[in-house]
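S.K.: Listed below are the residues making up each chain.
2 protein chains.
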Amino acid sequence: MNATFNGSFAALSRQMSAVWTLKALGLGAVGLTLSVEVLGWFFRRFGSKGFLKEVIFFPTEFACVEHVFEPTLQCLCPLPHGLETSLARLLRHVLSAKSTLDICVFAFSNMDLSRAVLALHSRGLVIRILIDKDYGCITGSQIGPLRRAGIRVRYDSGAVHMHHKFALVDGRRLVTGSLNWTLQAVQKNKENVMVTEEPRLVTPFVQEFQRLWDANDPEGCGRAAPPPQQGTERQGTERQGTERQGTERQGTERQGT
Amino acid sequence: MNATFNGSFAALSRQMSAVWTLKALGLGAVGLTLSVEVLGWFFRRFGSKGFLKEVIFFPTEFACVEHVFEPTLQCLCPLPHGLETSLARLLRHVLSAKSTLDICVFAFSNMDLSRAVLALHSRGLVIRILIDKDYGCITGSQIGPLRRAGIRVRYDSGAVHMHHKFALVDGRRLVTGSLNWTLQAVQKNKENVMVTEEPRLVTPFVQEFQRLWDANDPEGCGRAAPPPQQGTERQGTERQGTERQGTERQGTERQGT
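Heads up: the sequence lines are chains A and B, in that order. Just so we're aligned, residue 1 is where the first sequence starts under the UniProt record's numbering, counting upward by one. Just so we're aligned, residue 1 is where the second sequence starts under the UniProt record's numbering, counting upward by one.
A portion of the hints provided could be inaccurate.
Pairs count within a copy or across copies, as identical chains cannot be separated in the list.
Once the Cα atoms are required to be at most 20 Å apart in a straight line, the calculated DMTMM-like pairs of lysine to aspartate or glutamate come out as [claimed, not checked]:
(1) Lys188 to Asp134
(2) Lys53 to Glu197
(3) Lys188 to Glu61
(4) Lys53 to Glu198
Read the hints as simulated data drawn from the structure, not as lab findings.
Just chain A, with the same shape it has in the complex (with noise of 0.2 Å):
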């Protein structure tokens, strides 16, 4: 009887001991797969790749960008098509924009660059533009058509010059470079733009944007004070749809810009 029972105790345990191995694998096999897709969920929120990081070189490929514009349109101009040039590619990280667009740059005379702006503007979205002071209003700029639209444009007057190049998507998405905005620097100079929404990036050129903006306000209390000698000018810089008188200087395009 004594060796019935201690045969049927070995057999219990032995039934036991495999039911509990097999529990504990499944509880280590649930508590390996959370791991992993906590830790997949980590690196796609946080992680190197989580953010947007793209960097786009210049000059641009030579190619029609109308497609970036309107992607059902049969353009038919002469240059290739279809291509996802540098400019297209630059151009569609800013017409991604969905609430705000803020624009911090030297210079502004690309006109694929101010259609898309001006698109984003009829969409309704709030578009800020800073501009230098005196490169605000090279020949050819477009600071006067998207003043006209209706967009708000302020001029720095506190530095020899304001020198970014940087644009500011939904507040989240930087892009900065060397590039200025014009028609030059992305047809025939070597450029770069990096493009990310890496927070830790992303933030200092948000409050950077948004002392500039301050500091330049025209309506502020001497903050931003014009040189006497344009300081009539200067008031009027940010009503909306006003042309400033005087800023279409008729110069040529300085080169390198």
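Fit chain B to the known structure of chain A by using the hints.
M.R.: Just chain B now, with coordinates in the frame of chain A:
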């Protein structure tokens, strides 16, 4: 007897259950700890906070940067001392190089940055400078002294302007932005510099530098054929320690650089 057996069976079952529950919990705890460790490692290695990311705005504060070069020296100049200005932070990134420094800039006339590059050269680092063919020769350009010291310099001749403003520290730290390496840009303009070691941003710049360096090899077989009128001068652009004739053109430094 049967009741005793059943009682023993139930007691054994409970005992085994408790033992294996403990084992399963232990296994779970070990799994959790390992997952957290692995997650932490991944974060440190690849995560958002893992790679250096820094944004520096200019103009720099008005202060002495002698402590960046000679931390133990008591500078007697009348400027404020010991401040970690924007320029000091930029210089520290440049001076952090241990083996190589590749510079690709539109203009280079800032003497503090030149001093940093010369200091690295004297330590035996491999330094390469790629500069715009026109703006490398502006008044005050540091390219002459750097070449005379034996640093390799190539002039980009393939575009209207080589307008990049970046440097690669040890091939893995990217310093880029709107800032030309000039006195005005550092002291007067509103500019930005971004510093990152994020591979997805750094690698394209490493490749771009090598592409431009190779394309402007004066020994290259027509890859960067110099304009006819400057052919003789251009061929001498990479000789170490030999000044290129006629390059120190006497003109005024252009605004906005």
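S.K.: Against this structure, judge whether each hint is valid.
M.R.: Now for the hints, and whether the structure bears them out:
1. Taking identical chains as interchangeable, the C-alpha atoms of Lys188 and Asp134 lie at most 20 Å apart only when they sit on different chains, with a minimum of 15 Å there against 22 Å within one chain.
2. For the homomeric pair Lys53 and Glu197, the shortest alpha-carbon distances inside one copy (7 Å) and between copies (12 Å) are both at most 20 Å.
3. For the homomeric pair Lys188 and Glu61, the shortest alpha-carbon distance inside one copy (10 Å) is at most 20 Å, but the shortest distance between copies (34 Å) is not.
4. When the C-alpha separation of Lys53 and Glu198 is checked against a cutoff of 20 Å, the pair qualifies both within a copy, at 8 Å, and between copies, at 9 Å.
Checked against the numbered hints given earlier, this structure breaks none of them.
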